[in-house]
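If you read the protein sequences in the order shown, they are chains A and B.
Its first residue numbered 1, the first sequence is counted upward by one per residue in this note's numbering.
Its first residue numbered 1001, the second sequence is counted upward by one per residue in this note's numbering.
If you're looking for bench data, these hints aren't it; they were derived computationally from the structure.
Please note: incorrect hints may appear among the correct ones.
Facing chain A, according to a computed beta carbon distance under 10 Å, are these residues of chain B, among others [what the hints assert, rightly or not]:
| # | residue |
| --- | --- |
| 1 | A1017 |
| 2 | V1021 |
| 3 | L1024 |
| 4 | L1047 |
| 5 | L1064 |
| 6 | V1071 |
| 7 | T1083 |
| 8 | T1085 |
| 9 | L1089 |
| 10 | P1093 |
Quick list of the computed label-pair ranges, beta carbon to beta carbon [as the list claims (entries may be wrong)]:
| # | chain 1 | residue 1 | chain 2 | residue 2 | range |
| --- | --- | --- | --- | --- | --- |
| 11 | A | M58 | B | R1025 | 36 to 42 Å |
| 12 | B | V1004 | A | A16 | 27 to 33 Å |
| 13 | B | S1058 | A | E82 | 41 to 47 Å |
| 14 | B | V1007 | A | G85 | 42 to 48 Å |
| 15 | A | G73 | B | F1087 | 28 to 34 Å |
| 16 | A | G73 | B | F1014 | 22 to 28 Å |
| 17 | A | E84 | B | Y1030 | 18 to 24 Å |
| 18 | B | T1095 | A | D61 | 42 to 48 Å |
| 19 | B | R1096 | A | I72 | 35 to 41 Å |
| 20 | A | A24 | B | S1058 | 39 to 45 Å |
Stretch by stretch, here's where chain A covers chain B in the computed footprint (C-beta under 8 Å, at least three residues) [as the list claims (entries may be wrong)]:
| # | stretch |
| --- | --- |
| 21 | 1001 to 1014 |
| 22 | 1025 to 1037 |
Cβ coordinates follow ideal geometry from the N, Cα and C atoms, glycine included.
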Amino acid sequence: MTIFVAAAIVIVVLSAISLYRVVAGSSVFDRVLAAGAIGTNAIALLALTGFIFERPDMFVDMAIAYGLLNFIGTVAITKYLEREGEQ
Amino acid sequence: MAVVGDVLLWMGLFFIAVAAVGLLRLPDFYSRAHAVSKAETLGLGLLMLGLALHEGASLVSLKLVVVVGFVFLVNPVGVHLLTRTAFRLGVLPWTREAGERTPGTVGGGDD
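Given only the sequences and the hints, what does the whole structure look like? Please build it.
In structure tokens:
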């Protein structure tokens, strides 16, 4: 239980570090990359939350859905940027 | 079993920390993409396997392994897609002489 709380706190701190790159990133690709990394951290955070509240069966499903949406979001933004750049 | 799970969990946190530091400190987009695509994927995989070992054999641990497999397939592919788009749109890689070059500017180095 305590190790899950500690791991969740570490994940949150690391996501805050990655958030610097989203805000200050020198190109739009850096921002998308850092947002994807934060999304990947959020998958781990959801699974850890399930273990903290002792209901991993519900939170693991949410983690699966979040992983799918994270990938789809990155691909959608990438396709949009590619189309914008070709014009 | 729980001890092995704890060790895997902290190893996963270490690799996620490596990815975050690389995202913060590396000089250009391509090297940051390298840090995120590999270290982040491995870190999440180790962390999820550690959680699965904590849980023991059940449907939850099976789903955790499924998440790991999905992320191992999809995360490097997504970062590769982003990197290919950046290359096509003219983002130049960092060199020691020119430093970080902004998109659209050509010159510096030997290109």
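To see whether the hints hold, each was checked on the structure:
1. Contact between A1017 (chain B) and chain A, as hinted, is supported at the beta carbon level, the nearest pair being about 6 Å apart and thus within 10 Å.
2. Look at V1021 (chain B): its Cβ gets to within about 8 Å of chain A, closer than 10 Å, so that hint holds up.
3. Evaluation of the L1024 (chain B) hint against chain A yields a held restraint, the C-beta minimum of about 6 Å falling below 10 Å.
4. With a least beta-carbon distance of about 5 Å to chain A, the hint placing L1047 (chain B) at the interface is held under the 10 Å criterion.
5. Annotation: L1064 (chain B) was flagged as interfacial toward chain A, and the flag holds, the nearest CB pair being 6 Å apart, inside 10 Å.
6. Interface hint at V1071 (chain B): satisfied, since its Cβ lies 6 Å from the closest Cβ of chain A, which is below the 10 Å cut-off.
7. Residue-level restraint check for T1083 (chain B) holds (minimum Cβ-Cβ distance to chain A is 8 Å; threshold 10 Å).
8. Taken as an interface hint, T1085 (chain B) checks out: its beta carbon lies about 5 Å from the nearest beta carbon of chain A, inside 10 Å.
9. Interface restraint check for L1089 (chain B): the shortest CB-CB distance to chain A comes to about 4 Å, inside 10 Å, so the restraint holds.
10. Of the supplied interface hints, the one on P1093 (chain B) is violated, with its beta-carbon coming no nearer than about 12 Å to a beta-carbon of chain A, more than 10 Å.
11. For the pair M58 (chain A) and R1025 (chain B), the beta carbons lie near 37 Å from each other, so the given range of 36 to 42 Å is met.
12. V1004 (chain B) and A16 (chain A) have their C-beta atoms about 29 Å apart, which keeps the hinted 27 to 33 Å range intact.
13. A hinted range of 41 to 47 Å for the beta carbons of S1058 (chain B) and E82 (chain A) is consistent with their spacing of about 42 Å.
14. For the pair V1007 (chain B) and G85 (chain A), the supplied restraint of 42 to 48 Å holds, since their beta-carbon distance comes to about 45 Å.
15. Restraint check, G73 (chain A) to F1087 (chain B): a C-beta distance of roughly 21 Å breaks the suggested window 28 to 34 Å.
16. The supplied range of 22 to 28 Å is met by G73 (chain A) and F1014 (chain B), whose beta-carbon atoms lie about 27 Å from each other.
17. A hinted range of 18 to 24 Å for the beta carbons of E84 (chain A) and Y1030 (chain B) is consistent with their spacing of about 20 Å.
18. Between T1095 (chain B) and D61 (chain A) the beta carbon distance is about 46 Å. The supplied range of 42 to 48 Å therefore holds.
19. Separated by about 38 Å at the C-beta atoms, R1096 (chain B) and I72 (chain A) satisfy the suggested range of 35 to 41 Å.
20. Evaluation of the 39 to 45 Å hint for A24 (chain A) and S1058 (chain B) yields a pass: the beta carbon distance comes to about 43 Å.
21. Given as covered by chain A, the stretch 1001 to 1014 of chain B passes the check, having 5 residues with a CB less than 8 Å from a CB of that chain where 3 are the minimum.
22. Look at the stretch 1025 to 1037 of chain B against chain A: 4 of its residues bring a Cβ nearer than 8 Å to a Cβ of that chain, three or more, so the hint holds.
Checked against the numbered hints given earlier, this structure breaks hints 10, 15; the rest are met.
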